[in-house]
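Can you make the complete structure from the sequences, with help from the hints?
These are the residues of each chain, in order.
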Amino acid sequence: MDISAFVLFWAAIFTSNILLTNFLGMCSYLSVSREIESAFGLGIAVIFVLTVTSALNWVVYHYLLVPFGIVYLQYIVFIIVIAAFVQFLELVIERYTPALYYSLGIFLPLITVNCAILGVSLFMIIRNYNFIQSVAYGVGSGIGWLLAILMLAGLRRKLKEKLVPIGLQGAGISLIITGIMALAFVGFSGIVQIQ
Amino acid sequence: MLLRIIQDIALMSGIGILLALIMVIAQRWLSNYGEVAININGKRDLTVTGGSSLLSSLGEKQIFLPSACGGRGTCGACKCKVLEGGGPILPTERPLLTKSEMADNVRLACQVKVKNDIQIQIPEDIFNIRRFHSQIEEIVDYTYDIKGITFKLLDGETIDFKAGQYVQIETQPYAKIKEKVMRAYSISSKPEIKDRIQLIIRYVPEGICTTWVHKYLKVGDKVYFTGPYGDFYLRDTNADILFVAGGSGKAPIKSMLEHLKEVGTTRKMTYFFGARSTKDLYLTEEMRALEEHFADFKYVPVLSNANAEENWQGKTGYVMPYFKEAIHDPQNTEAYLCGSPGMIAGVKKSLINDYGVAEEKIYYDSFG
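Protein chains in written order, with my numbering: chain A, 4 to 198; chain B, 3 to 370.
Hints may contain errors.
[Stated by the list, open to error] Within a straight-line C-alpha distance of at most 20 Å, the following computed SDA-like cross-link-like pairs (lysine to any residue) qualify:
#1 B:LYS117 with A:PRO101
#2 B:LYS117 with A:TYR99
#3 B:LYS182 with B:TYR218
#4 B:LYS154 with B:ILE138
#5 B:LYS117 with A:GLU97
#6 B:LYS224 with B:ILE179
#7 B:LYS317 with B:GLU293
#8 B:LYS81 with B:ILE42
#9 B:LYS281 with B:GLU312
#10 B:LYS81 with B:ASN41
#11 B:LYS300 with B:THR239
#12 B:LYS178 with B:GLY209
#13 B:LYS180 with B:THR212
#14 B:LYS363 with B:ALA241
#15 B:LYS101 with B:GLY89
#16 B:LYS117 with A:GLN90
#17 B:LYS83 with B:GLN64
#18 B:LYS326 with B:TYR357
#19 B:LYS83 with B:PHE134
#20 B:LYS363 with B:PRO343
#21 B:LYS317 with B:TYR366
#22 B:LYS117 with A:ILE79
#23 B:LYS117 with A:THR100
#24 B:LYS117 with A:LEU68
#25 B:LYS149 with B:SER54
#26 B:LYS117 with A:VAL95
#27 B:LYS281 with B:ASN307
#28 B:LYS117 with A:LEU94
#29 B:LYS117 with A:LEU103
#30 B:LYS83 with B:SER54
Quick caveat, the hints were computed from the structure, so don't treat them as lab data.
These numbers come from a predicted model, not from an experiment.
Next comes the structure, spelled out in structure tokens:
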């Protein structure tokens, strides 16, 4: 792959948004989008974790899994690395920046099971990104995810005052909104193709 | 081939062990807050190892805040004032705190982590609460689903409580239940007996604690409990008394009546006991004997579902309509209610609206 990291970064945000075109990371997207503040907190945590785990998993893959020929175990290894890193991060944040812990730390356990994180690690291997590309793709995907959840949280706030049919309230209307947003984002996809 | 499999397994385990090791070291090094001080009510100072919740840190020092859920942040019983060092209110606490409580520094002790020196305020009564080791001395069947269980205190300990207060018993793991749970039950024996207590426990299908008590607990078993808790206790006044109980709600009332028998009283008392049918009635003879003993005491069982073949001659339906025979001077009447939340709400409303009993003189203990 010879796409520049810069292009990859923007593509991950707009044309190949991890949430709106790959539909990864849906569970926390739906459950934490009730308030803009908490959606923003979770989004920032996702950006941070995505950036670091994509770098970590790239190193683990190329310097551990490939040399020892255990590439087929990548799913399990990636998950363990992500879980351990998130746990570690939670300890560090709780210890050194209590203020950050209260606004961001409580979302960290949620992130371990966010499939967008594993998705980015797997995509960067499938698409053969080098280290710089992987990190750029990680940061971009994180920002894309934040953008998507913020948009949904904003729309849900507006929806509170609107009449929604009972059968569609909650997850139903959220999924319809997400679908429409996804359609809009597909419109970007002609600009640059990365997948 | 085999070698390859073994090699892969070893590598995989190696990665796992390495990460686990990093975590253990990180935990040791990062979650170690050293010794911190908890200052209570501005007088007592405790030194504890930092890093765990306020509830469990206090528990280690033998100070037991009430907690029905065991520290999972769902019951809200462990509220206490944290004046300094508790950090901001967590999202996990918000649903259980009112606005005025938040403004008043009230926190859930099970959610506050003790990471630095901390100043808290708790009612003085709580120092009286201790953890007791006891042995089951006697189990009697009161009805098909209600048992009376006597706990004898071990190590020569004694318990001081007010008639009407409750304790929390700790269950042991049994069958498929792996965790220990804490459940609250009112003491049914009188406070004059200090070396043992009796609890009345009704079997609830699927209930973790009641199943344990009814199906697994035997005479001779050892059980831990903490207590006494609660502000549902007999007030020492001269007012008329109206007792209202349902189901196993007889326990605290039994304690109050036995206590009154011990100290002697001439107060006018009426006791309404609501049950479904005759097979739910128990301790009737004891109540009749008390009627003989006291100057002015009446025991009135009321059945809601008495069917024809039971040949029930007594009162039926709800208890509320029968209060009018018992309440002569509403201004000078205290009511003690114990039963399900629904029953308490109904009786309380009726007492205030239909009979004019003062709200602050209605004391109740509701099984949540």
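Hints and how they fare:
| no. | hint | in the structure |
| --- | --- | --- |
| 1 | B:LYS117 with A:PRO101 | 10 Å, holds |
| 2 | B:LYS117 with A:TYR99 | 11 Å, holds |
| 3 | B:LYS182 with B:TYR218 | 14 Å, holds |
| 4 | B:LYS154 with B:ILE138 | 6 Å, holds |
| 5 | B:LYS117 with A:GLU97 | 10 Å, holds |
| 6 | B:LYS224 with B:ILE179 | 18 Å, holds |
| 7 | B:LYS317 with B:GLU293 | 18 Å, holds |
| 8 | B:LYS81 with B:ILE42 | 14 Å, holds |
| 9 | B:LYS281 with B:GLU312 | 9 Å, holds |
| 10 | B:LYS81 with B:ASN41 | 16 Å, holds |
| 11 | B:LYS300 with B:THR239 | 19 Å, holds |
| 12 | B:LYS178 with B:GLY209 | 13 Å, holds |
| 13 | B:LYS180 with B:THR212 | 15 Å, holds |
| 14 | B:LYS363 with B:ALA241 | 10 Å, holds |
| 15 | B:LYS101 with B:GLY89 | 17 Å, holds |
| 16 | B:LYS117 with A:GLN90 | 18 Å, holds |
| 17 | B:LYS83 with B:GLN64 | 18 Å, holds |
| 18 | B:LYS326 with B:TYR357 | 8 Å, holds |
| 19 | B:LYS83 with B:PHE134 | 26 Å, violated |
| 20 | B:LYS363 with B:PRO343 | 18 Å, holds |
| 21 | B:LYS317 with B:TYR366 | 23 Å, violated |
| 22 | B:LYS117 with A:ILE79 | 35 Å, violated |
| 23 | B:LYS117 with A:THR100 | 12 Å, holds |
| 24 | B:LYS117 with A:LEU68 | 40 Å, violated |
| 25 | B:LYS149 with B:SER54 | 37 Å, violated |
| 26 | B:LYS117 with A:VAL95 | 14 Å, holds |
| 27 | B:LYS281 with B:ASN307 | 11 Å, holds |
| 28 | B:LYS117 with A:LEU94 | 13 Å, holds |
| 29 | B:LYS117 with A:LEU103 | 15 Å, holds |
| 30 | B:LYS83 with B:SER54 | 18 Å, holds |
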